[in-house]
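Peer 1: Here's the letter readout for the chains.
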Amino acid sequence: MGSSRWANRLLLLPATGWLLVMLVLPLLVVVIFSFGERGAAGGYVPALTLAQYANLPARFTAFKNTLILAPIGTLAALLVAYPLAYFLALRVNPKWKIILLVMVIVPFWTSILIRTYAWIFILGGQGIPKLLGFIGIEGVRLINTPVAVLIGIIYGYLPLMVFPIFVSLEKLDKRLLDASGDLGASPLRTFRNVTLPLSLPGVATGCMLVFILLMGEFLIPALLGGGKVFFVGNALVDLFLQSRNWAYGSAVAATLVVTMLIVISIYTKLITRGSNQRDDAALF
Amino acid sequence: MSKKDDLPISREKFMQELWRYKRGSVTRRHFLGVTGLGVATTVMGAAVPSLLPRKSWAAGDIGDRVILATWPNYHDEANFEAFTEMTGANVQVNVFGSNEEMLAKLQAGGSGWDVFVPTNYTITTYVGEGLIESLDLSMIPNYDGGAFDPRFSDAGTVDGTVYAVPKNWGTTGYVVNTKHTNGRKLTTWKDYWDITKEEFSGRTMVHDYQLTTIGNALKYFGYSFNSVDANELADAEKLLLEVKPHLFAINSDYQPPLRNGDAWMSMCWTGDGKQLNTDIPEMEYVLGKEGGEIWSDYYAMPKGAEHPAAGYALINFLLDPQVNAKEVLAHGYPVADSRTNDLLPKELLEDPILYPAQELLDALEFGAAATLTDPNRAELLARFKSA
Chain A
586 MGSSRWANRL
596 LLLPATGWLL
606 VMLVLPLLVV
616 VIFSFGERGA
626 AGGYVPALTL
636 AQYANLPARF
646 TAFKNTLILA
656 PIGTLAALLV
666 AYPLAYFLAL
676 RVNPKWKIIL
686 LVMVIVPFWT
696 SILIRTYAWI
706 FILGGQGIPK
716 LLGFIGIEGV
726 RLINTPVAVL
736 IGIIYGYLPL
746 MVFPIFVSLE
756 KLDKRLLDAS
766 GDLGASPLRT
776 FRNVTLPLSL
786 PGVATGCMLV
796 FILLMGEFLI
806 PALLGGGKVF
816 FVGNALVDLF
826 LQSRNWAYGS
836 AVAATLVVTM
846 LIVISIYTKL
856 ITRGSNQRDD
866 AALF
Chain B
332 MSKKDDLPIS
342 REKFMQELWR
352 YKRGSVTRRH
362 FLGVTGLGVA
372 TTVMGAAVPS
382 LLPRKSWAAG
392 DIGDRVILAT
402 WPNYHDEANF
412 EAFTEMTGAN
422 VQVNVFGSNE
432 EMLAKLQAGG
442 SGWDVFVPTN
452 YTITTYVGEG
462 LIESLDLSMI
472 PNYDGGAFDP
482 RFSDAGTVDG
492 TVYAVPKNWG
502 TTGYVVNTKH
512 TNGRKLTTWK
522 DYWDITKEEF
532 SGRTMVHDYQ
542 LTTIGNALKY
552 FGYSFNSVDA
562 NELADAEKLL
572 LEVKPHLFAI
582 NSDYQPPLRN
592 GDAWMSMCWT
602 GDGKQLNTDI
612 PEMEYVLGKE
622 GGEIWSDYYA
632 MPKGAEHPAA
642 GYALINFLLD
652 PQVNAKEVLA
662 HGYPVADSRT
672 NDLLPKELLE
682 DPILYPAQEL
692 LDALEFGAAA
702 TLTDPNRAEL
712 LARFKSA
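Chain order of the listed sequences is A and B. When we follow my numbering, the leftmost residue of the first sequence carries the number 586, and every step to the right adds one. When we follow my numbering, the leftmost residue of the second sequence carries the number 332, and every step to the right adds one.
With the rest of the complex left out, here is chain A (with noise of 0.2 Å):
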């Protein structure tokens, strides 16, 4: 018993040491710099206030858009990956299967900034308004809207969606749907009742990733909404990097941990009696 109690010790001693170091570390100095002040040229000098915390207020306006617009975009790259995922994996002929899903990583291979500065070009006035008009429809405008940020998101996240609802629909026991159809379920109905049950834990894997770096985002807003739709990543940028306020932004940043904390947990829970009913269901 005693030498794997080690054995396991040993096992866990990388994965510790590292999040010892760069994560539990780094939040205990956020935490502590939260409760600074802003030096006369910026930066920060040690003290022992509340002052920051009382200033939230302040940011409220990033705080409510980054909560509007995480889910939002959650849901909306979920309606985009699923019906993806539920071809690639159910639909598709298997000797192209790899080739396209090779086609949803590849995008990947280049940085996220260089694809998000490319849809500049396709949403502004030479790209799709542009196409529009020759079939039109004038006068449309789409870069620098709430909505060229959505679509920006729902590009730049799809393949975290993609891939935890396909693996889990790939997995599924096909003679499940077979069964289902025998016994004279429509398909919609067994998509209902057998197919997308079975998936939900690869939507919720999917929306989980997708919402947790949403709340962080600020590239794409910052690219895609003109500086004009300001997220709480975008605060956080600003607050370190342009007034230097190391405090204050300190404050913000363990203010957006403890929000995720929050709306994670709520969400874990629901998930979890979701599916504990959806057990219970199945016994009956």
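In case anyone wonders, no lab produced these hints; they're calculated from the structure. One should not assume that every hint holds.
Unchecked claim - Straight-line distance between alpha carbons at most 27 Å, and here's what the computed DSSO-like set of lysine-lysine pairs gives:
hint	chain 1	residue 1	chain 2	residue 2
1	B	575	A	649
2	A	715	B	575
3	A	649	B	510
4	B	569	B	516
5	A	715	B	510
Got chain A sorted already, so can you dock chain B onto it with the hints?
Peer 2: Structure of chain B alone, referenced to chain A:
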């Protein structure tokens, strides 16, 4: 060295290229390219020592690299290549978007820069924070203080100590696409903000930079560009919030949307105004009659630079009037060095974008250190952006 058929280049041709290289008429990159010796250089080094980057040079060994933090579109690449040729030190360039960002990076520590390009109003802050090294002018023989208009070199000296030497100067005005103004002539900042609320709705850009965006909003009311007065800032904020729904973007990277026609007008620095006007003549550069900003950039060295010798060598090289003149031709920002101006073509020196009329210049203000570091202005910009 015996002649082999599979050599990528004939022996005669090789020697010819080698001599051209030694005379300095081709760059090392070209030489290594045509001779196919790129990878073989280190092996050949012992046999043909001049193939290696020269490790030493008149000023002694300066190492193999120098790291420069500067602004976009602000140098002639060919000059960097020539510097590498001459000294063996490679120039690595980091490009920045705002002085605040530069200051933030230096405050955080470990920037790794050897030379950086601060603007006039930041230098006292760098000195106060102990982030900048005083310059040993004996290492920069090409710098001749007497050749510079003191307006553009003053800010480099703090309490009698020289911390920075002048690079370029310029103005902050706005560029407007006159195709869309129906013959109306815009001459003031009031025009700029007013037309944005009307005919130019959805077509105007402002910088993502509190100094210029707030400064030029203050000019609408005739206040100082540098004001930190609470009431005056409140007026500027009201204007900015009123205009925000009519803006195309809040972004300092304004050339692309102006060029493709999405944006019709933007706050603009001299060199960008010159570059846009050269390519698209209907893009006019306007200095507001009420005033606005005049600025001067400097070369400086941060405390704890890793390659100070190479840093000095680079500054000295770029201040050579011949080299500096090439820089101006590439980026379109004026210099205050009379020796360089003597080498520039007459039409450039008479260009109204680079050298605006005296009465327009007289109304301009240099940015102040307190303007950049004022926390209220920073918060104002954040409120404007998140509104």
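Peer 1: Next, verify each hint and record whether it holds.
Peer 2: Against the structure, the hints:
1. Distance hint between residue 575(B) and residue 649(A) is fulfilled; the C-alpha atoms sit about 19 Å from each other, no more than 27 Å.
2. Distance check on the hinted pair: residue 715(A) and residue 575(B) sit about 25 Å apart at the alpha-carbon level, within 27 Å; holds.
3. Taken as a hint, the residue 649(A) and residue 510(B) pair is broken in the structure, with Cα atoms around 40 Å apart against an allowance of 27 Å.
4. For the given pair, residue 569(B) sits about 26 Å from residue 516(B) by alpha-carbon distance, which is consistent with the 27 Å threshold.
5. The suggested pairing of residue 715(A) with residue 510(B) holds, with an alpha-carbon distance near 19 Å, which does not exceed 27 Å.
The structure fails to meet hint 3 from the earlier list, while all remaining hints are met.
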